[in-house]
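Participant: These are the residues of each chain, in order.
There are 2 protein chains.
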Amino acid sequence: MRLGRQTIRHDQPITIAETFSLAGSYEAKGNFKDYFDLVMKDDEWGCKTFEATEIKMQKTAIEGCLQKCNLTPDAVDCILGGDLINQIVPTAFSARDFDIPFMGLYNACSTFGEAMNLGAMLMQEQFERILCITSSHYATAERQYRFPMELGTQPTPASQWTVTGTGCALLTKESVAGKPRITHSTIGKVKDLGITDANNMGAAMAPAACDTIVTHLKESGRDPAYYDLIITGDMGRLGRDIVHYLCKEEGGYDLDNLNDCGSMIYDVKQKPGQGGSGAGCVSLSFCSYLYKRMIQGELKKILLVPTGALLSKDTPLQGESIPAIAHALAIETEV
Amino acid sequence: MRLGRQTIRHDQPITIAETFSLAGSYEAKGNFKDYFDLVMKDDEWGCKTFEATEIKMQKTAIEGCLQKCNLTPDAVDCILGGDLINQIVPTAFSARDFDIPFMGLYNACSTFGEAMNLGAMLMQEQFERILCITSSHYATAERQYRFPMELGTQPTPASQWTVTGTGCALLTKESVAGKPRITHSTIGKVKDLGITDANNMGAAMAPAACDTIVTHLKESGRDPAYYDLIITGDMGRLGRDIVHYLCKEEGGYDLDNLNDCGSMIYDVKQKPGQGGSGAGCVSLSFCSYLYKRMIQGELKKILLVPTGALLSKDTPLQGESIPAIAHALAIETEV
Chain A
931 MRLGRQTIRH DQPITIAETF SLAGSYEAKG NFKDYFDLVM KDDEWGCKTF EATEIKMQKT
991 AIEGCLQKCN LTPDAVDCIL GGDLINQIVP TAFSARDFDI PFMGLYNACS TFGEAMNLGA
1051 MLMQEQFERI LCITSSHYAT AERQYRFPME LGTQPTPASQ WTVTGTGCAL LTKESVAGKP
1111 RITHSTIGKV KDLGITDANN MGAAMAPAAC DTIVTHLKES GRDPAYYDLI ITGDMGRLGR
1171 DIVHYLCKEE GGYDLDNLND CGSMIYDVKQ KPGQGGSGAG CVSLSFCSYL YKRMIQGELK
1231 KILLVPTGAL LSKDTPLQGE SIPAIAHALA IETEV
Chain B
931 MRLGRQTIRH DQPITIAETF SLAGSYEAKG NFKDYFDLVM KDDEWGCKTF EATEIKMQKT
991 AIEGCLQKCN LTPDAVDCIL GGDLINQIVP TAFSARDFDI PFMGLYNACS TFGEAMNLGA
1051 MLMQEQFERI LCITSSHYAT AERQYRFPME LGTQPTPASQ WTVTGTGCAL LTKESVAGKP
1111 RITHSTIGKV KDLGITDANN MGAAMAPAAC DTIVTHLKES GRDPAYYDLI ITGDMGRLGR
1171 DIVHYLCKEE GGYDLDNLND CGSMIYDVKQ KPGQGGSGAG CVSLSFCSYL YKRMIQGELK
1231 KILLVPTGAL LSKDTPLQGE SIPAIAHALA IETEV
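These protein sequences, in sequence, are chains A and B.
Going by the working numbering, the first sequence opens with residue 931, and the numbers climb by one from there.
Going by the working numbering, the second sequence opens with residue 931, and the numbers climb by one from there.
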């Protein structure tokens, strides 16, 4: 049932039956280290190119998720996913190895939110099982968006660290006791307030995150305190603080329970700049730390808000500012 | 209702209420010249970069489509779309100028099929009006995927000509007499038979096109002759012939009524190689020639099969073969 222009309350809450999380070795030194299903021993993982590594990461996560559920690929109706690499190569090239229908998505680092929301909407009627997956890799993202790593370029104060990791979630229609369910989806709009610094993604994405959170709360009629945690995708610490400020100024909400996967995933001693970023930041964090804490009953109701900056490496050089988007989904164990 | 693993018959056929087509000047010399809503006088169209031109193209097509329907942006529930440019910049940057929720898609040149199928599925329940759009531009695609145009590189015999154009379609729930409706959707799988020549997209995409067409016919229980036309997105002449051969050899279907937007859009005297290609090829062709012929009653039932090659400029250089995908949708005026 549509509660507003952007928010849907799912007539049938959709179960997140299982997840699989695969992290890089740097991520395995961070705060979520005890929650990962698998850790790569190095950034290459036996592949000749970093792009091939990212393809292998997605493939391994899908296989891992299917294995945990005792399912074969023919039991899955569709893969919905994406990543940051040009033409979403890691996702498309991983999908070719499964005999599963595929729809590729791109909304930058918010793609996991787009996938989970689309999956939950599609499953109201026709589908039984959908896999949602996104990934990122520090080395593929660095060389595509910034500088060759060999150059040893100094990061700027507002910059973030692209997460090497992937998270894959299996959505099912049947409810399973104790498993988190997607109850609401809020589809974001593109927002651009004129930020042009491609090394300050937090500032570029904050207006979109604020707009989606405030819209979700208003359209769902929920108080922020309804949620144990409102958690954005990859704002970083600076971006999270801007979101907190904007939600208060623009929406009148003082969010005590706001946090951010990118701000939480690393130990500050690792010096990841403002924190983690990338399309794998929110999917890895959700499919490991957040999902497992929900299963253990430590978190019962969360609002997950994957955030994305929609630039390419060329658009800042062409004088464009940075549009951004955020999608929100309410995930609850007690419905 | 699901008829098979990949094919859905829509309980509520979804009306294609209106379309808007915007073509480049080269396309306006081709076979569909009498069907375009708007033609650009040159490839720049007053913009400093070709990417900015493609953004303006999408924006103009959305505005044009809304204007034809007498709608304001707030009447639209969602934009579903994509293009070929890295991080789907033309689509995302156009979407920032509309106050409409947005979900970005990427399945290369088959994205228009993905958008229309997703739109039709999402509208079964919650949505009233969805805009589907894809675009391509000869100059943005050439410099991203191949060589700088200034180099004057000779095209190879199997190569195609990227269409400069965009097509935007408005989907609605209410049926309107005489307007085409989407009745069936078939979601494609990624197929890769090992083609490595990035200048022979037709060969790379043919197995995916064949797989989707044969699957659609089998799962829908329809005979090919049910359709006035089975039309792929941008196979080109060589690719179309391979699809015809494969459907006969692999599926047992001798498709007399098979054709291809890329093979039809240009006059052979224009020397477009094997024909048109690009994410705008099928959306421009459908939103002009095919849609208007359906409105005029000259075509009553078509199977539209947008086709896409999922490579990036880097993957052939990294030794990868070319995965491809095709999505099919049945569009009918008499349901």
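I should point out that these hints are in silico values taken from the structure, not numbers from a laboratory.
Among the hints, erroneous ones may be present.
Copies of the same chain are indistinguishable here, so a pair counts whether it falls within one copy or spans any two.
Unchecked claim - In silico DMTMM-like pairs for lysine to aspartate or glutamate, Cα to Cα no more than 25 Å straight-line:
no., residue 1, residue 2
1, Lys-1243, Glu-974
2, Lys-971, Glu-1180
3, Lys-1103, Glu-1055
4, Lys-1243, Glu-1080
Participant: Have a look at Lys-1243 and Glu-974 and pick one of within, between, both or neither, based on CA distance no larger than 25 Å.
Facilitator: both (23 Å within a copy, 21 Å between copies)
Participant: Could you place Lys-971 and Glu-1180 in one of the four classes (within, between, both, neither) given a Cα distance threshold of 25 Å?
Facilitator: neither (45 Å within a copy, 43 Å between copies)
Participant: Up to 25 Å between alpha-carbons, please classify Lys-1103 paired with Glu-1055: within, between, both or neither.
Facilitator: both (10 Å within a copy, 16 Å between copies)
Participant: Can you give me the call for Lys-1243 and Glu-1080, within, between, both or neither, at a CA distance of at most 25 Å?
Facilitator: both (18 Å within a copy, 22 Å between copies)
Of the numbered hints stated above, the single one contradicted by the structure is hint 2.
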